[in-house]
Amino acid sequence: MKRLYVFVLLVFICVTSVLAQTNDLLLARQYAANGEQQKALDIYQKLFKQDGELYFQQYFTTLMGFKKFDDAESVAKKMLRKNPGNNEYIIALGSVYTQQGNTAKADDLYNDLIKNMPADQNAISVIASQFYQNANADYAIKIFLQGRKLIHNDAAFAFELITLYRYKRDKVALTEEYLNFLPANPVFISQAESTLATVYEGPEDYDMLKVALLKRIQKDPQQIVYTNLLTWQFMQQKDFDMALNQALALSRRLNDDGTNVFELCRTLVMNEAYDVAIRGYEYIISKGDKDNQNYISAKIELINTKNLKVTSGQYVQADLLGLEKDYNDLLNEIGRNRGTVFAMQKLANLQAFKLHKLKDAQTLLESAIAIQGVRPALLAACKLDLGDIYLLNNQPWDATLVYSQVEKDNPNTAIAQDALLRNAKMAYYTADFNWARRQLDILKAATTQLIANDALNLSLLITDNLNADSSGNALKIYSRADLLIFAGQPEKAMLTLDSIDKKYPGNALEADILMAKARIMIQQKNYPNAVVLLKNIAEKHSYDLWADDAVFMLGDIYETKLNDANLAKTYYQKIITDYPASLWINDARKRFRLLRGDKNDAS
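Counting from 488, one number per residue, gives the positions in the sequence shown under the numbering used here.
Hints may be right or wrong, so weigh each one.
Calculated lysine-lysine pairs in the DSS-like style (CA-CA distance at most 27 angstroms, straight line) [claimed, not checked]: (1) Lys841 / Lys895; (2) Lys565 / Lys555; (3) Lys979 / Lys841; (4) Lys555 / Lys592; (5) Lys841 / Lys565; (6) Lys569 / Lys592; (7) Lys658 / Lys564; (8) Lys979 / Lys931; (9) Lys702 / Lys658; (10) Lys989 / Lys1048; (11) Lys1056 / Lys1077; (12) Lys833 / Lys812; (13) Lys777 / Lys697; (14) Lys1022 / Lys1056; (15) Lys979 / Lys844; (16) Lys1077 / Lys931; (17) Lys1012 / Lys931; (18) Lys777 / Lys725; (19) Lys931 / Lys895; (20) Lys796 / Lys777; (21) Lys841 / Lys812; (22) Lys841 / Lys777; (23) Lys931 / Lys1061; (24) Lys846 / Lys979; (25) Lys725 / Lys1022; (26) Lys554 / Lys602.
If you're looking for bench data, these hints aren't it; they were derived computationally from the structure.
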């Protein structure tokens, strides 16, 4: 019984002591967090006296933070005397010498440690980690490099060294480490690309990578990962032709199915390198293997890319005719069925809005919507496009019937709102302004911001001009010009716009005409002239309906087309300060912050 009593008493004392130390530790941390460093230091000193090994690091770190280097040196030496050869205390003592400016003495300590380092991978990792925790990445790297020699393994510690080189932003060493690592670990190429992209700062860094890769490829031309990384390097440099050339050369050497080329072409399209992507897709098709999984996909994407090139304005008439032929060849080869309705829709749009073959486009879309089993969203899109073509073909009743049908079949959706907006625009184009305005007023509360914005602007345009001229004669001419812009006839639209002032001088449409002309200039990629027109609106019509649109468009053109970030920021800032109620306010804030260099800004 007496022994049991003694045992319980000892347990009680131990538990009480541990709890007391835990409470002291928490209190010290609280003092440190509150900036009461001396109180924290006093507690750490007390705890260190109770258990030096357990509380050394907290006490030592606090002493170093207080710049009490003599005390820190004394504590580290004391622990070393008790634990000769302990790496933790050697590194701590070395850090004191470094802080005191005695780097030679620190280096002597560290070099002795390295000389006596065991040929054990785990032990080496622990020592390097201790250096890193003491903010000494340079010696952590030396430990790993010496460790490779000790264990006779040049591939060891690759992940650790990559992390350290990235931390130090040592671009050359990081590049070499990845180039040594990737051949045996090609699945990490995406990680390597992502890491290098965050560390590299300009063309010089990518040129350094290119030189290193070309040397490696010369020595080991069969190493695919180097060629793939070189392709990525060219992409980062926007040297799209060279990127594709590398991918094509590798595909020919491997005689593969062109999957890598296909994926690269997708990226090229995202970068608007349409001609280069077209060359890549044509390579896959030229292989002539219809059983190849990429053959049909490449044919479809080739046509889609040509279509993007055309719709972006980067085309000549021969491109339009060639694209039409490509669509027809595809439909003749695969057939007109629910799987090719998307191609029928795009061909119809090409014929209607670029080639102005309205009857052909109408016939094609009418046959497309008659095909059974078409996806509802695609079917609705085809019907809406058919309504547009009816409108251009001077069949407004057929147009409104199709629009209304889509609205009825897709209740409470963005598709229905789009159909309602097109119906309202049709009324506007045909000068039925009051009916158009009633439909537009409904759409002001649309869930889709773009639709709501378009509806609001068009409603205000009609209201403002009818208030100025109840007959709406000038507005009728303007709406015809708007329809010509929609129909892809910019020259006729410009002549119509110019006729308004001649027929109705002093009309209220000056800013509207400037905006319509600016839209035509943008469609034609004539950005300098678009800028002149938009500046006219921003400066002379700063209270007009189109003022904030013009200012935002100027910011966008300077940012994305003319590569003038400073002027872009100026116009985005103008939206923020002068037009706080603008629908563009959130976009302007986001773009301004990104151009200013704010990081992780998602607002």
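For each hint, the structure was consulted:
At most 27 angstroms may separate the alpha-carbon atoms for a hinted pair to count; Lys841 and Lys895 exceed this at roughly 30 angstroms. A distance of roughly 16 angstroms separates the Cα atoms of Lys565 and Lys555; the hinted pair therefore holds under the 27 angstroms criterion. A distance of roughly 14 angstroms separates the Cα atoms of Lys979 and Lys841; the hinted pair therefore holds under the 27 angstroms criterion. At most 27 angstroms may separate the alpha-carbon atoms for a hinted pair to count; Lys555 and Lys592 meet this at roughly 18 angstroms.
Annotation: proposed proximity of Lys841 to Lys565 is violated, straight-line Cα distance about 86 angstroms (limit 27 angstroms). The straight-line distance between the Cα atoms of Lys569 and Lys592 is roughly 21 angstroms, inside the 27 angstroms bound, and the hint therefore holds. Of the supplied pair hints, the one linking Lys658 and Lys564 is violated, its CA atoms being roughly 38 angstroms apart against a limit of 27 angstroms. Only pairs whose Cα atoms come within 27 angstroms are accepted, and Lys979 paired with Lys931 is rejected, the gap being roughly 31 angstroms.
Pair hint Lys702 plus Lys658 holds up; C-alpha atoms about 17 angstroms apart against a cutoff of 27 angstroms. Between Lys989 and Lys1048, the direct Cα distance comes to roughly 34 angstroms. Violation of the 27 angstroms bound is thereby established for this hinted pair. Between Lys1056 and Lys1077 the CA atoms are separated by roughly 11 angstroms; this keeps the pair inside 27 angstroms, and the hint holds. The straight-line distance between the Cα atoms of Lys833 and Lys812 is roughly 13 angstroms, inside the 27 angstroms bound, and the hint therefore holds.
Between the alpha carbons of Lys777 and Lys697 the distance comes to roughly 36 angstroms, so the proposed pair goes past 27 angstroms and is violated. Proximity of Lys1022 to Lys1056 is assessed by CA-CA distance (about 15 angstroms); at most 27 angstroms being required, the pair is judged to hold. At most 27 angstroms may separate the alpha-carbon atoms for a hinted pair to count; Lys979 and Lys844 meet this at roughly 17 angstroms. Restraint check: the Cα-Cα separation between Lys1077 and Lys931 comes to about 24 angstroms, which is no more than 27 angstroms; the hinted pair holds.
At roughly 31 angstroms between alpha-carbon atoms, Lys1012 and Lys931 are farther apart than 27 angstroms, so this suggested pair is violated. A C-alpha spacing of about 32 angstroms is found between Lys777 and Lys725, which places the hinted pair above 27 angstroms, so the restraint is violated. Between Lys931 and Lys895 the CA atoms are separated by roughly 19 angstroms; this keeps the pair inside 27 angstroms, and the hint holds. A hinted pair counts as satisfied when its Cα atoms are at most 27 angstroms apart, and Lys796 with Lys777 qualifies at roughly 26 angstroms.
This hinted pair checks out: Lys841 and Lys812 have alpha carbons roughly 14 angstroms apart, not beyond 27 angstroms. Note on Lys841 and Lys777: the hinted pairing is violated, with a Cα-Cα distance of about 31 angstroms set against a maximum of 27 angstroms. For the hint linking Lys931 to Lys1061, the alpha-carbon distance of about 25 angstroms falls within 27 angstroms, and the restraint holds. The hinted pair formed by Lys846 and Lys979 meets the criterion: a straight-line CA distance of about 20 angstroms does not exceed 27 angstroms.
At roughly 31 angstroms between alpha-carbon atoms, Lys725 and Lys1022 are farther apart than 27 angstroms, so this suggested pair is violated. At most 27 angstroms may separate the alpha-carbon atoms for a hinted pair to count; Lys554 and Lys602 exceed this at roughly 30 angstroms.
Consistency with the previously given hints fails for numbers 1, 5, 7, 8, 10, 13, 17, 18, 22, 25, 26, ordered from lowest to highest.
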